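Sequences and hints are given; from them, build the entire structure.
Just so you know, the sequence shown maps onto residues 109 to 177 in the numbering used here.
Think of the hints as simulated: they come from the structure by calculation, not from any bench.
Please read all numbers here as calculations on a predicted model, not as lab measurements.
Keep in mind that a hint or two might mislead.
To be verified - Label pairs and their computed distance ranges (CB to CB):
1) Asn-143 to Leu-121: 34 to 40 Å
2) Leu-121 to Leu-165: 21 to 27 Å
3) His-117 to Arg-149: 30 to 36 Å
4) Ala-164 to Ile-141: 23 to 29 Å
5) Phe-145 to His-117: 39 to 45 Å
Idealized CB from N, CA, C, for every residue including glycine.
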Amino acid sequence: MYGSLRQEHNNILTLPEGLGSLNEPYVEVGAGIENIFKFFRVEAVWRVKPVEMENALDFGVRLGMHITF
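Shown next, in the form of structure tokens:
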């Protein structure tokens with residue numbers, strides 16, 4: 109996904125404490141397994157860029173659930 113934020117929206121947007129705008133691209137890579145017992149999914153995610161972020165982990169695991177009728 110790629111995008112930007114117009115200044116008119118940036119002026120009215122209140123970010124949560126500790127969250128700020130990125131001055132360089134943010135890149136992450138992930139791999140996962142879906143359809144575990146028909147509705148669970150597990151993903152491993154690695155942050156590639158920016159290389160150094162304060163108080164941020166380089167690796168994470170996402171667990172998800174998806175139910176389709």
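For this structure, which hints from the list above don't hold up?
Of the numbered hints, all hold.
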